[in-house]
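Student: Residue numbers (this note's numbering), protein chains in the order written: chain A, 1 to 80; chain B, 81 to 449.
Derived by calculation from the structure, the hints in this document are not laboratory data. Be careful, since some hints might not be right.
Said to hold, decoys possible - Short, incomplete list of chain A residues facing chain B, as computed with Cβ under 8 Å:
no.	residue
1	C10
2	D40
3	I42
4	M48
5	L49
Stated by the list, open to error - Calculated from the model, a selection of chain A residues having no Cβ within reach of chain B, i.e. all distances over 12 Å:
no.	residue
6	E2
7	E18
8	L21
9	K22
10	V24
11	E25
12	Q26
13	G28
14	Q30
15	A31
16	E32
17	V33
18	E34
19	K35
To be verified - Once the Cα atoms are required to be at most 20 Å apart in a straight line, the calculated DMTMM-like pairs of lysine to aspartate or glutamate come out as:
no.	chain 1	residue 1	chain 2	residue 2
20	A	K64	B	E316
21	B	K414	A	D40
22	B	K319	B	E246
23	B	K111	B	E316
24	B	K163	B	E246
25	A	K22	A	D67
26	A	K64	B	E246
27	A	K64	B	D320
28	A	K35	A	D56
29	B	K414	A	E37
30	A	K35	A	E2
31	B	K111	B	E312
32	B	K319	A	D67
33	B	K414	A	E38
34	A	K22	A	E34
35	A	K15	B	D320
36	A	K15	B	E313
37	A	K64	B	E313
38	B	K304	A	D67
39	A	K22	A	E32
40	B	K387	B	D346
Just so you know, even glycine gets a beta-carbon here, dropped at the ideal spot from N, CA and C.
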Amino acid sequence: MEIKVLGSGCSNCNKLYETALKAVEQSGVQAEVEKIEEIDQIMSYGVMLTPALVIDGNVMSTGKIPDSSQIVTWLTTAVS
Amino acid sequence: MANPGKSRLETERPAAEGGVNIALPGGDLGKHLTLMAVGLVAWILMYRELAGLSQWITYDVFGLAEGAALGSSVQFFTYDAPKVLMLLTLVVFGVGIMRTFFTPERTRAILAGRREVAGNFMGGGLGILTPFCSCSAVPLFIGFLTAGVPLGVTFSFLIAAPLVNEVALVLLLGLFGWKVAALYLVTGLSVAILSGIIIGRLGLERWVEPWVYEMQTGEAGIQKMGWTERIEEGWEAVKDIVGRVWPYMLVGIAVGAAIHGYVPQDAMASIMGREAWWSVPAAVILGIPLYTNAAGMIPIVEALLSKGAALGTALAFMMAVIALSFPEFVILRKVLRPGLIGVLVGVVGGGILLVGYLFNLLNVADLVL
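Hey, can you work out the whole structure from these sequences and the hints?
Tutor: Rendered as structure tokens:
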């Protein structure tokens, strides 16, 4: 599974990255977490608020940091 | 999204099988509403007792002398600190819920292809309601322009959003009353609208980095939202914003309280008074490097005002602190040529100057204080 954290290096983007890593660990799902900072890539997802979370190409949240439990739910739903 | 009334009913209980499953523990609408009602009643009951409470603490518990400098300072602090924090919590919660109705996607759809003036009015208004932090300014700017929102309208939006700030609004409401708060809202909006119209008229599209218009943008899937999630967003906003600004605010109110008790009456009249014509531009220039301390700045300004500073000067200072922020210009430099950043600073700064002089000239302070 592919998880992407979109955002050009603001402090919230780093927080979301950490939260996503934690959620992957909690869920036990095999996933790679990647930080995307290039503006053209961010725009290609149609995201206007950062940080944004993308799981397997789907934009799950924008402009906020979801709880790690919330991300775990998304991850396990995406697996099944 | 096209039919919010319908989607609200459908998503009251998030579908268990959907891709976006937002079933948080305790995410029950009834529970949230009960909690909100109880909270509101407790809020009102407490708020009504604040003045008496501060009197009691200052003069009975601490046994300070009424009318003396220390007593006056302590009473100012014990009244204003809880009052402003309570107002902030309530307003941020309300605004947090309201903002769930104004996503940037929806705002962009409303503004795309709008004509000047009418578009600038809507852009300014929506700028207040659509939430974003300055780190999202670049993606928003690109997203708006590529979707056909005119440059001037985009700027009205981008200027209004930080300029009319809910924390500042609450502080003004709590410390000065609703008239000054309304004044701030109207003048802030006017500066954003006028600046956008001027930038649009100047035809400065050539000063936007050319790659911005060629960018390929995607379409993000929009998540549906029910009332449970909207209320949760309100709580999140309270945790985030109140959690971030309360230390600044308490320090600001403490300094304000000290000024209130110890600085002699009319001490500020010669420096920040109406007769000192240079005080307005000085306030604007001083406001540019100051940014994050807006929450702490207003209680200090309020205290200075009570010592003879002019309202126009104070208002100009506050607006400059909030709207002209150096870090944001650095971020916008990615998409704007330096010339356009210069125009932006000039137009917004000029608007703020105008507001400052106007209010000093009219002597609105007599009217509202």
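Student: Could you run down the list of hints and mark each one as holding or not?
Tutor: Right, here's what the structure says about each hint:
no.	hint	verdict
1	C10	holds, 4 Å
2	D40	holds, 6 Å
3	I42	holds, 6 Å
4	M48	holds, 4 Å
5	L49	holds, 5 Å
6	E2	holds, 15 Å
7	E18	holds, 17 Å
8	L21	holds, 20 Å
9	K22	holds, 17 Å
10	V24	holds, 18 Å
11	E25	holds, 20 Å
12	Q26	holds, 15 Å
13	G28	holds, 18 Å
14	Q30	holds, 20 Å
15	A31	holds, 16 Å
16	E32	holds, 20 Å
17	V33	holds, 19 Å
18	E34	holds, 17 Å
19	K35	holds, 14 Å
20	A:K64 x B:E316	holds, 10 Å
21	B:K414 x A:D40	holds, 12 Å
22	B:K319 x B:E246	holds, 15 Å
23	B:K111 x B:E316	holds, 17 Å
24	B:K163 x B:E246	holds, 16 Å
25	A:K22 x A:D67	holds, 10 Å
26	A:K64 x B:E246	holds, 18 Å
27	A:K64 x B:D320	holds, 10 Å
28	A:K35 x A:D56	holds, 14 Å
29	B:K414 x A:E37	holds, 13 Å
30	A:K35 x A:E2	holds, 11 Å
31	B:K111 x B:E312	holds, 12 Å
32	B:K319 x A:D67	holds, 13 Å
33	B:K414 x A:E38	holds, 12 Å
34	A:K22 x A:E34	holds, 13 Å
35	A:K15 x B:D320	holds, 13 Å
36	A:K15 x B:E313	holds, 18 Å
37	A:K64 x B:E313	holds, 10 Å
38	B:K304 x A:D67	holds, 18 Å
39	A:K22 x A:E32	holds, 12 Å
40	B:K387 x B:D346	holds, 5 Å
Checked against the numbered hints listed earlier, the structure breaks none of them; every hint is satisfied.
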